[in-house]
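Peer 1: Model the placement of chain B on the given structure of chain A, informed by the hints.
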Amino acid sequence: MDLINAIILLLNYIFIPGLTYGSQLALGAIFVTLIYGILRFANFATGDMMSFGTMMTILFTWYFQSLGISLGVLPTALIALPFGIFFMILYMLTIDKFVFKYYRTQKSPPVQFAMVSIGVMFVTQAVVRIIIGPGDRRFFDGEKFIIKAREFKEMTGLNEGLALKSTQVITIFVTIVLVSLLFWFLNKTKTGKSMKAYSDNEDLALLSGIDPKKIVLVTWVIAGILATIGGALYGLDKSFKPFTYFNNMLPIFAAAIVGGIGNPFGAFLGGYVIAFSEILLTYAYKKFFMYILPESMEPEGLVQLLSTDYKFAVSFSILVIVLLYRPSGIFKGKVL
Amino acid sequence: MRKNLNVIAAYSIMMVLILLVGIFQSWNIALSIFNLCLISAVMTMGANIQWGYAGLINFGIMGYTALGGLAAVIISVDPVQEAWRAGGFDILMCLWLIIVMVLVIRFILKNFEKSKLRTYSIAGLIIAAIIIIRVTAEPGIEKIETVNPATTGFLGGFGLPIIFSWIVGALFAGGLAFIVGKVALGLRADYLAIATLLISEIVIAIIKHEDWLTRGVKNVIGLKRPAPYEVDLQTTDWFINLVEKFKSSKLDLITDLSERQAALNQFVIEGSSIFVKLCYSGLFLVVVIILLILTQKALYSPWGRMMRAIRDNEEAANAMGKNVVKQHLLIFILGSAIVGIAGAMLVTQDGLFTPGSYRPMRYTFLIWVMVIVGGSGNNFGAILGGFVVWFLWIEAAPISMFLINFFTAGIPETNAIKAHLIESVPYFRFLLMGLGLLFIMRYRPKGILPEKIEIK
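Taken in order, these protein sequences are the chains called A and B.
By the count of my numbering, the first sequence reaches residue 696 at its end, each step adding exactly one.
By the count of my numbering, the second sequence reaches residue 1153 at its end, each step adding exactly one.
Bound conformation, chain B alone:
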């Protein structure tokens, strides 16, 4: 118990902070912070597996998040029959062509000696294939995109419950990680960072501009929810009764019947959005807890020990007969898959998919700040990092507003500098994050909750 004291203390402080937001700002804000904290926690767990367990640096988190989001769209949106009829055949043809191309390249790689000729012929093959694929796809894509472009203009998905996308998102992200890992894992750490960052930008470019698949920057809105809709709840009897029971002390004070009804309506509207958020919190908590149990088990298993051995001394682990390359690839896929789950969860919660919103600042570097601040190599630390950093990211604006007002209390409102500072309040969050990261790196390089190696 005592050795876990700092973990418990850190988490209790975090919970109290969120409760304080609930009491002083509103429960709605507190719950949405909490939900995003949970999603961030899943992302940091993914990054932590790669960085903390294996020492692999992955700056492509944004790409895997976006792929998870794409999975949510592909799984949950109803298929657009008209678009399928118009251009589905061309797209399927292209898919076949791509598969054939990959198979041919594999065949060449397997059956021919490495030579200049082989390299050039593969390059030529890829260029030729790209041209053929473009020519085949062009008419289909054009037809699909003209099918009712204001609302659809894309192929749609499978029309399944969106919950499934959490698994499919993991598969998508894992698949991409397999390719990226095969290509880039041999690189030295900082090159790997740059390469993954750039690859994730390529992924985003594709998601943003292939309108037939994702609707691109036109966004997909109104995704199905795993939780009830507020509007439905507001007309459901049991929910109204529930709210009445909860708020009975306040309602009893109001004697006028019509006033009471109005107050009740207000409570029901507020309550419905809180209830929906609570549903999401429940779902996300389940995911976080399952992942936490799995990752903890993995960390203390022989496999986890091997991963740490590889991280701490690659050559020694190699000499002991551990296949470093294979294990690196495996852990790269696992970590990215977890990030993919988080991406799908994020889109599920928002109910919309906006490819334009995927920016490296928010989805790659912020997640890294979370991992470093929380404590790499320690799952509890990583989750805590997700909570702390996201909380600060949201609450930075109110905090800096308060500080600005506090320090410039004597200066009149009309002062140009003060007005300018107040106007730029949203950017203080970057300052806070940067300074936080620098201080943690300098004075507590292992994070708030450092990694503990227990030998049982």
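Isolated chain A, as found in the complex:
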């Protein structure tokens, strides 16, 4: 019985939150990795682009709510998502046309691209804050829990409750669907294959008749979808605040590099690596040991490896270690 309690405890506090957070990071990381692999620069505007997409989704959610449209138990934001994605892609293409395109034709070094993306970051941040403000926004509606902790306890008679939020299930489900679609697209369709070829060797790809304009367009479209959905899922699960989105850029970068930048599958897994290591290293295991150890051996302290204050620091340290020992990432991305 105690063992089951311990397992439920870990499920509730580590596994499910880790899976959710990991999915959110994974979507962002694939976005970073695609831009890096195909457009060949580290996009420092990642977090802010995600916040732009989320902002658009929120605005449409509010609009639908004012019209009285809702999905019942599901959040209204799900209907607003396609509109958010549309405007996100529009914004990205505008930025690309007026900013990045010039440097692409000039064949500027990646550092210059990174600098330019910082300019884009400033502008996007300003746009988001001017339109929606810097405050905390919650836009979740519908049923909050699928299983409540108390109900679970009553149902099973266990000491530990298992709470399952609907946002967690939506996040994981949407991520699985989206990522499988993406990999199907990249591996099976002609456009996807040509994107991979372009990422592998630009000159060779151009020689074999691949249209670079189309590749860039498709990349931004996919990036827009990933950024908006990733951002909106994070906002639904926690809350939307431009500053947190900017900060989220850092673990997202960590995930992309840990997974091997330029490698979408690596980025996908990297998201979970980062999320789980953050949670595993900062969780206080006291209660867990109380269940599995006999009473005489119960630990005195919290049995916490690092205090939760260092949550971000954990993922960054992992990144530094990976950079040191396997600069191409765990799952072999582009070699540095």
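These aren't lab readings, by the way, just hints derived from the structure by calculation.
Incorrect hints may have been included.
[What the hints assert, rightly or not] Calculated pairs, DSSO-like style, for lysine-lysine (alpha carbon to alpha carbon, straight line, at most 30 Å):
hint	chain 1	residue 1	chain 2	residue 2
1	A	Lys-646	B	Lys-840
2	B	Lys-915	A	Lys-601
3	A	Lys-671	A	Lys-504
4	B	Lys-905	A	Lys-646
5	A	Lys-671	B	Lys-905
6	B	Lys-905	A	Lys-647
7	A	Lys-467	B	Lys-1149
8	A	Lys-671	B	Lys-879
9	A	Lys-467	A	Lys-457
10	B	Lys-1143	A	Lys-573
11	B	Lys-840	A	Lys-647
12	B	Lys-1115	A	Lys-601
13	B	Lys-915	A	Lys-598
14	A	Lys-598	A	Lys-508
15	B	Lys-905	B	Lys-879
16	B	Lys-921	B	Lys-974
17	A	Lys-467	B	Lys-1143
18	B	Lys-1023	B	Lys-813
19	A	Lys-550	A	Lys-573
20	A	Lys-601	B	Lys-905
21	A	Lys-671	B	Lys-915
22	B	Lys-879	B	Lys-807
23	B	Lys-1149	B	Lys-1023
24	A	Lys-508	A	Lys-671
[Claimed, not checked] To give a feel for the contact side, a few chain A residues facing chain B, derived at Cβ under 8 Å:
hint	residue
25	Phe-401
26	Ala-402
27	Pro-470
28	Ile-478
29	Ala-486
30	Arg-489
31	Gly-493
32	Ile-617
33	Asp-669
34	Tyr-670
35	Ser-677
[What the hints assert, rightly or not] The following label-pair restraints were derived from C-beta to C-beta distances:
hint	chain 1	residue 1	chain 2	residue 2	range
36	A	Glu-655	B	Val-832	20 to 28 Å
37	B	Lys-811	A	Pro-659	34 to 42 Å
38	B	Arg-1056	A	Leu-450	27 to 35 Å
39	B	Ser-946	A	Gly-495	49 to 57 Å
40	A	Leu-453	B	Ser-709	39 to 47 Å
Even for Gly, the Cβ is constructed at its ideal location relative to N, Cα and C.
Peer 2: Just chain B, lined up with the frame of chain A:
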């Protein structure tokens, strides 16, 4: 003279702008802008040494600034005797443990062949050491943090004049740069950018949460000053006389004696804060000028030529027998040390240390905008960038307020969009910075004052 004309023109315009702020807004605002411009200039010089001279991209400026600030606290705050008695021993023990750990790792690295076993044993050693250090430190830290937590709750510092912290800040930042450089300098440019950015976040996390050292988010306030206090000045005779002499033309117009006294008091209060700011300006100017002379000398020395050679073609420089790795590390340390000085100066001026205020936007990306806008590789350009960008950063709100009012003049105050725009005036500075950076990058990629290579 003629070839320096654009430098002189650019600086004169900048000075006129600051004077205009003084005349139209207030001298207090103008001077505080000027002081922060000077501090920004020091930071940009640091970043410029790394980026402009050597082409190293350092997005960790925030971390070095914070370390400089930490130095100001550690140097100037009086030691908290009670805290030292309570937990000082445990902390010193930990320090020893860390030193022993580093020495053991060095020993292993030197004396054993590179192998999987070595890597794993080092990893195991580090994990074991972290656990041991945590166990040793825990009781000490707890005791220190319970010593009068409202005002102290930390170890305090050495109680020395805060001016020394400018040097110590440089040492701290240089020390961190040594470690970071050893770890990360081999990476390609954009990876280096990300790695340094993340490392600086780790530094901030430590400063924010190690309360026994920095008081964390509870902030350290009331740091000692190198300049006189306003309250003291207001009661000092020579200062009152000085103000009287300065403002005599205005004072003479007032005939009533008590009214005259009241007016004089007002002038003294205003004057005292201006005087204090002027003291800081003087100190900062000295630092800027010394650094400028040193960096200019370095730029045109054989060493500077070598740095440019490395920047422009690493392989060629390597083939000529220059040790690229060593020079990169050196310049990384130098640049970061200068940023550390700026961090200490900033805390000195504010008189308080607020770890929560270190954000990458303000202390990393803004500094980079300064370097790029001003002109990388050119010290005068970098300083100018610090001035221009900081000036705009502060004055963006009034400027955008004016523009909004100008363009929406016909719309009534109650209009929702206008009210919303006016409410979000503070964020127009981001827009201005972003657009400024994008335009400069596009149409003047070498900055306002581009790098000039003189061959003498």
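Peer 1: Now tell me if each hint is right for this structure.
Peer 2: Consistency of the hints with the structure:
| no. | hint | result |
| --- | --- | --- |
| 1 | A:Lys-646 x B:Lys-840 | 23 Å, holds |
| 2 | B:Lys-915 x A:Lys-601 | 24 Å, holds |
| 3 | A:Lys-671 x A:Lys-504 | 26 Å, holds |
| 4 | B:Lys-905 x A:Lys-646 | 25 Å, holds |
| 5 | A:Lys-671 x B:Lys-905 | 13 Å, holds |
| 6 | B:Lys-905 x A:Lys-647 | 28 Å, holds |
| 7 | A:Lys-467 x B:Lys-1149 | 24 Å, holds |
| 8 | A:Lys-671 x B:Lys-879 | 25 Å, holds |
| 9 | A:Lys-467 x A:Lys-457 | 15 Å, holds |
| 10 | B:Lys-1143 x A:Lys-573 | 29 Å, holds |
| 11 | B:Lys-840 x A:Lys-647 | 26 Å, holds |
| 12 | B:Lys-1115 x A:Lys-601 | 23 Å, holds |
| 13 | B:Lys-915 x A:Lys-598 | 26 Å, holds |
| 14 | A:Lys-598 x A:Lys-508 | 18 Å, holds |
| 15 | B:Lys-905 x B:Lys-879 | 25 Å, holds |
| 16 | B:Lys-921 x B:Lys-974 | 15 Å, holds |
| 17 | A:Lys-467 x B:Lys-1143 | 17 Å, holds |
| 18 | B:Lys-1023 x B:Lys-813 | 27 Å, holds |
| 19 | A:Lys-550 x A:Lys-573 | 15 Å, holds |
| 20 | A:Lys-601 x B:Lys-905 | 21 Å, holds |
| 21 | A:Lys-671 x B:Lys-915 | 20 Å, holds |
| 22 | B:Lys-879 x B:Lys-807 | 16 Å, holds |
| 23 | B:Lys-1149 x B:Lys-1023 | 26 Å, holds |
| 24 | A:Lys-508 x A:Lys-671 | 27 Å, holds |
| 25 | Phe-401 | 7 Å, holds |
| 26 | Ala-402 | 4 Å, holds |
| 27 | Pro-470 | 5 Å, holds |
| 28 | Ile-478 | 6 Å, holds |
| 29 | Ala-486 | 4 Å, holds |
| 30 | Arg-489 | 4 Å, holds |
| 31 | Gly-493 | 7 Å, holds |
| 32 | Ile-617 | 7 Å, holds |
| 33 | Asp-669 | 4 Å, holds |
| 34 | Tyr-670 | 6 Å, holds |
| 35 | Ser-677 | 7 Å, holds |
| 36 | A:Glu-655 x B:Val-832: 20 to 28 Å | 23 Å, holds |
| 37 | B:Lys-811 x A:Pro-659: 34 to 42 Å | 38 Å, holds |
| 38 | B:Arg-1056 x A:Leu-450: 27 to 35 Å | 30 Å, holds |
| 39 | B:Ser-946 x A:Gly-495: 49 to 57 Å | 50 Å, holds |
| 40 | A:Leu-453 x B:Ser-709: 39 to 47 Å | 43 Å, holds |
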